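Letter by letter, the chains look like this.
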Amino acid sequence: MSALGAEALRAEGLVKTYGSGHTALRALDDVSISTRRGEVAALLGPSGAGKSTLLQALGLLSLPEQGTISVGGRVVAVDGQAREDLAAIRRGGMGFVFQKANLIPFLTARENVLLALQINGRVGAPAAKRADDLLGYLELTERAAHYPAMLSGGEQQRVSIARALANEPAVVFADEPTAALDKKRGRDVIELLGEAAHDHGTSVFVVTHDHRTLDLFDTIYEMEDGRLRPQPPVS
Amino acid sequence: MNLALKDIGFQRLRFAATGLGLGLLFTLVLAMGGIYKGLVEEATQLADSLEADIWIVQRDTRGPFAERSVLPAETEARAQVVTGVRSARAFTYVFIQREHRGRPLRLGLVGLAWPLDRGDRLPIVEGRALRAGRYEMVADRMLGFALGEVVHLSDENYTVVGLTRGMVSSSGDGIAFFTLADAQRIEGYLAPESLRLARAGRTGSSFPAPFETAIAPRQEQVSAILVEVAPGASAADVLQAFQAWPDVTARSASEQRALLLQVVDKPRRQILLFRVLLLAISGIIVSLILYNMTVARTHEIGVLKLMGARTSMVAGMILQQAMLLWAAGYAVALALAVLTFDRFPRKVTLTGEEIVLVGVVVFVVCVLGGLAGVVRALRIPANLVLAS
Ligand SMILES: Nc1ncnc2c1ncn2[C@@H]1O[C@H](COP(=O)(O)OP(=O)(O)O)[C@@H](O)[C@H]1O
Ligand SMILES: [Mg+2]
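Chains A and B, in that order, give the protein sequences.
Residues in the first sequence are numbered consecutively from -3, following this note's numbering.
Residues in the second sequence are numbered consecutively from -18, following this note's numbering.
Calculated from the structure, these hints are not laboratory results.
It should be emphasised that the depicted structure is a prediction, and the values quoted were computed from it without experimental measurement.
Incomplete in silico selection of chain A near chain B, CB under 8 angstroms:
1. S48
2. Q52
3. R86
4. F94
5. I100
6. E107
7. D171
As a list, the in silico DSS-like pairs of lysine-lysine whose alpha-carbon atoms are at most 27 angstroms apart:
8. B:K(-13) <-> A:K96
9. B:K247 <-> B:K18
10. A:K96 <-> A:K179
11. A:K125 <-> B:K(-13)
12. A:K96 <-> A:K180
Here chain A is said to cover these stretches of chain B; the calculated rule only asks that three of the stretch's residues, wherever they fall, bring their Cβ under 8 angstroms from a Cβ of chain A:
13. -12 to -2
14. 280 to 290
Note that beta-carbon positions come from the ideal geometry of N, C-alpha and C, so glycine has one too.
So here's chain A without its partners, still in its complex pose (with noise of 0.2 angstroms):
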C-alpha cells in the first residue's frame, strides 16, 4: 500500500432523482465520497445501485441536483449549477475508460492518444513524444498505426487507457472497464491502472463487478439503492 497524497477528489450529499411525481427515482440519495491523490478505489453494487450515476457526477458529465462537488480543492459545481468550466476541468484533469474503448473509429491507435491531447491543447512533438511513451508502456507500440477496428478487445481497451492518461490526469474514472475482457486481461487492466495511479499520483475510480481484482484495490466502496458505505481495505 502506497502512501496517499492530496485530496483529488471531494463530492458531499450528492442528490440525483431521475423522473419525478411517483415514478421518481433516488439514483443517489446523499452520497459523500473523497479520494486522494494515488489511491485506487473500487465501486461495487448490484446493478441499479447508482454507481453510473454518481460516477458521472463525479466526472462532471451530469451533475446531481444538489450536494457540491470539488476537484483538487476547488469548488466546480453546487447544487446542479457548475461554477467553473467542466469541459475545462475534464480535459485537462480527468480520464475516462468504459466497459467499451469507445476510440474514434477513423483515428489510429496512437490518433486516439494524440486527440486526447490535441484536445488539452497539446500538439507537436512533446505531445508525440508523450503519445509514443504512452503506447509503448501499454505495449501497443507495435499496433500504434492500426485502426481500432483491427484491434481486439484487450489492444482497444488499453488504447482507451493510453487516452485517458494522456494528459496526466488528476483523476481517471473508469466504469466496468474488465466487463468485456477475459479475466487475465481484466486483471491486466486493473494493475495497469494501479501503477498509473501509483507512478502518478493519479486518483483511480473504478466501477466494477469483478471481484477476482479487488485485491488491487486500496478502498473498495459499496452502493446500493443509491446510498453509499466505506468498507475496510483487502488484504
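With chain A held as given, fit chain B with the ligands onto it using these hints.
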C-alpha cells in the same frame, strides 16, 4: 491533426459519392443560369449582329421576329435618301419548315440586301460570307449542315459556304442566310403547277395583271429595312423622321432588343423560378447530408465532448466537412459544365462572373447545411457514452 480530414480519409468512397451527387446538383444550378443567359443571348444575337441603328417595319407590327412584317421593297430606296442615313438595307425574315434528306428541317430564313450586305457582320466560325448573288447560303451550325453541303430548297440547290455560331430563332432552331432574291424565292415557293402558271404569266402575259400579283406577291416585299445612321448625325432625329412616315413603324436598336427579350420573357422567368427552386432543393439536400453525417457520428461526438473537447473543435470539424463537400461538389460541377455545356441543344453561356456568383451561393448553402449539423452536434450530451 485535422479530424474533418481524418474522417473523410477514412470513408473516402462515401465522401466521393456524396461529392459527386452534390456536384451533379450544382451542375444543374450552373446550367440553369447558363441557359437563362444563353436564351437572352440567342434572342438578341441576330439583331445585334445586323448592326442596325433603326429598324423600319410594317406599320403597327412588332416584326419581323415577333410577328410577320411586310413592307414594299421600295421602302429601302425611300429610306436611303433621308437626311442622316448612312445606309438602308432591306431584310427579310421568315420561319419555315421544310424537309431535308427525309427529315424535317426547321429554319429561320434570312434574306440579306445583297450586294450591300453579304453577311460579313455574321459570327462566321467556318467558311466565308456570301460571294455570289445566288445559290449560296451561310447556315448556323445548329442546322447540322456541313461546309460545302448542297441543300435543296424550293426546287433550287444552295451550297453552304459558311457556318455561324449561336444564330437561332426564338424556337432554338438555326438560322440560314441567303441573298434577298434567294430568300424571297425560297419563301415564296409555290407548288410546281402554280409556278408554271406564274412563269407563263410573266413571260406570256396571258394572265390579267391582278392575278399575277396575287400568285407572286413576295417578289416586291421585304420584312424590314435596317438603317445605319451616318456618323455625326443624331440617331434620335433620324428615328423621328421615320416615325413621321404614315405607313411604317420605326424602332431604335434598343427598342428592338427589348421587343426580342419580350418574346423570351416567359421562358426566362420560368428558368429563373426553376433555378431558385433548385437552390432551395440543394439547400435542403446539403442540410440533410450534413445533418445525417453528424447523426452518424453522434457516438464519436459524444466521446469528444466527454473528453472535454471545446465546442469550436466539434463545430469546426462539421463546418470543415461542409466546406470540403462544397469544394468537391463545385469542382465536379465546374468540370461537368466545361465538358457538357457545349453539347446542350440550346446555347448555355457560362461567364466567370456566374461561376463566382453560383460558387458563393452554394458555398453559403453548404455552410448553412453545416450549421444544421452543428446545431444537432451541440445537443449531444457529454455523458452520452456513459448513459447508454
Ligand atoms: N437516464 C436515466 N433516466 C432514468 N433513470 C435512470 C437513468 N440512468 C439510470 N437510471 C436509473 O437509476 C438507477 C441507477 O442507475 P445506474 O447509475 O446506471 O446504476 P448502476 O450503474 O449501479 O447499474 C437505476 O435504477 C436506473 O434504472
Ligand atoms: Mg452502470
